[in-house]
Amino acid sequence: MANILVVEDDKDLNNAYKIILESENHTVMSAFNGKQALKALETFEPDLILLDLLMPIMGGLEFLQHYDLVNKHPGVKVLIFTNMENSPEVTEAYNLGAARCIIKSWTAPQNLARVITDTLENRTETASAA
Amino acid sequence: MPPSDPSATLVSLKQEEQQVLAEALFSSIGDGAIATDEFGKITRINPTALRILGYNEREMIGAWFPKKIISVHESGEVISLIDRPITRAFLTGKTIAEKAYYRKKNGQIIPVSITVSPIMLQGKPVGAIEVFRDITLEFEIDRMKSDFISLASHQLRTPLSAIKTYSHMLIDGYMGDITDAQKKSLHTIVSAANRMNELISTLLNITRIESGNVTVTPKMVNVRELAEEVNKEHALAANDRDITLTLHAPTKTAPTIFTDSLLFKEILSNLVSNAIKYTPDGGKVTFTVRSRRYDILCMVSDTGMGIPKYSQEHIFTKFFRAHNVVKQETSGTGLGLYLVKGLVEALGGKIWFESTENKGTTFYVALPKTAPTVKNSNNSSNLED
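Respectively, the protein sequence lines represent chains G and X.
Going by the numbering used here, 106 is the number at position 106 of the first sequence; the sequence numbering is gapless.
Just add 1000 to the spot in the second sequence (first one is 1) and you have the numbering used here.
Wrong hints could be hidden among the right ones.
Unchecked claim - Between beta-carbon pairs, the in silico distance windows are:
1) G/V70 / X/K1219: 23 to 31 Å
2) G/I57 / X/H1248: 52 to 60 Å
3) G/P56 / X/M1196: 41 to 49 Å
4) G/G75 / X/F1139: 44 to 52 Å
5) G/Q65 / X/A1192: 26 to 34 Å
Said to hold, decoys possible - So the derived list for chain X, only partly shown, Cβ under 7 Å to chain G, looks like this:
6) T1087
7) A1152
8) H1154
9) T1165
10) M1169
11) Y1174
12) H1187
13) S1191
14) R1195
15) N1197
16) L1199
What the hints assert, rightly or not - Cross-link-like lysine-lysine pairs, in silico, BS3-like; alpha carbons within 30 Å at most:
17) X/K1184 / G/K18
18) X/K1265 / X/K1124
19) X/K1183 / G/K18
20) G/K11 / X/K1183
21) X/K1145 / X/K1124
22) X/K1284 / X/K1145
23) X/K1284 / G/K11
Hints are computed from structural coordinates only; laboratory data are not their basis.
Each residue gets a CB set at the ideal place from its N, CA and C atoms; glycine is no exception.
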């Protein structure tokens, strides 16, 4: 089971992901923006970061720039979980090392759990929509 | 001196009056206006055109239109002579209207809306008149509109995500056991949220098409597999209404095409979904794939209510819904076929249909086997995963 950092500003969704992932026996740490995530990473070593892009204070892209995933944390998988489908921000997130991107509003909880397992195991088949 | 012929003087005065009138008309047009002779040399240009392009009249009169007024792509690359609207107007003898970019004297590139009409005399072009308008402001408003829709759609989706996620969590037992009746109600909530999601996606995709920002990421696609996937996704909806959904696709050699699989799937999915929606219970929907020399032809036929003759020319128009459909089915938005046509064109293909009222409709989509023009390519999915 993995250590997962959930970075999502919407409290309802953040809480939902925590419940879903903990039910799969993952250890979950929650942050509500990029700045809080960087703070959490001082003590928490994640296997995977579930990252929203559009957040107040510090968004997902700025977080990725500070975190320097490619050079400093190549072993950590970043899963972008956003509703900004097909946007330049998603392209930029890939450039900054994100492993994959899924659309929040199309992904049911059980699919989220599966996509996380697949990402952790380096499987890349497409997640089916809810 | 012999007395002048009074009728000749009258004709001459009338001609002069006509000329003054034409000159006044030309100068007072609020848009840029340029007249050329049959060789494309500028014979007249109005003050608005001079102001837009930044030239003075002396620099323009007598100059060769295509050389003096440079038309470029958005990237700045010069458009070839044969593709210029004025050339096509001369060659076809028809009025050409389109949007383009002009390079001003100072090098600045501006978007313009152009209408070129050839002046025809006894079936031959003896000149042309181009009227054009600087549409920089319209472009900016369009961009702002697209940005607004994109952001608004994103903001709409956040609460929708929470509604769906929690409904699913309840259904899946994350919060404990629930009754079958409660489950059924939750499925209704999820289904309504999905419909709202689809509407947001459609709006987003239409915004992209209208602003020319469809991301086309081509790859090799096995059309049979894609068609099977589409049919599978709609099998339940067809089955619920006792509609036979059949796929005919070559099995020996897989029909392949180099295109954007997600956009292609969106096209096919819309057509199959429409066919099922507008076919009465117990009807038939047949999805046929044919590999031709240069393209792949997909045909979606139904035994539905058909499109009335008087509605046929409007069927791809935004928000249009045929009267017979409105009477029987109220959930449509009139955006589906408009979106499909935009997507087909973004992939370099063509769409058309044949329909007989109360018998059924067949939609045809032909997509080139070779790659469509890649407007923008990235690693992300064009539509939803």
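Each hint, compared with the structure:
no.: 1; hint: G/V70 / X/K1219: 23 to 31 Å; verdict: holds, 25 Å
no.: 2; hint: G/I57 / X/H1248: 52 to 60 Å; verdict: holds, 56 Å
no.: 3; hint: G/P56 / X/M1196: 41 to 49 Å; verdict: violated, 25 Å
no.: 4; hint: G/G75 / X/F1139: 44 to 52 Å; verdict: holds, 46 Å
no.: 5; hint: G/Q65 / X/A1192: 26 to 34 Å; verdict: violated, 39 Å
no.: 6; hint: T1087; verdict: violated, 36 Å
no.: 7; hint: A1152; verdict: violated, 12 Å
no.: 8; hint: H1154; verdict: holds, 5 Å
no.: 9; hint: T1165; verdict: holds, 5 Å
no.: 10; hint: M1169; verdict: holds, 5 Å
no.: 11; hint: Y1174; verdict: holds, 6 Å
no.: 12; hint: H1187; verdict: violated, 11 Å
no.: 13; hint: S1191; verdict: violated, 10 Å
no.: 14; hint: R1195; verdict: violated, 12 Å
no.: 15; hint: N1197; verdict: holds, 5 Å
no.: 16; hint: L1199; verdict: violated, 12 Å
no.: 17; hint: X/K1184 / G/K18; verdict: holds, 25 Å
no.: 18; hint: X/K1265 / X/K1124; verdict: violated, 47 Å
no.: 19; hint: X/K1183 / G/K18; verdict: holds, 22 Å
no.: 20; hint: G/K11 / X/K1183; verdict: holds, 25 Å
no.: 21; hint: X/K1145 / X/K1124; verdict: violated, 44 Å
no.: 22; hint: X/K1284 / X/K1145; verdict: violated, 41 Å
no.: 23; hint: X/K1284 / G/K11; verdict: violated, 47 Å
Checked against the numbered hints above, the structure violates hints 3, 5, 6, 7, 12, 13, 14, 16, 18, 21, 22 and 23; every other hint is satisfied.
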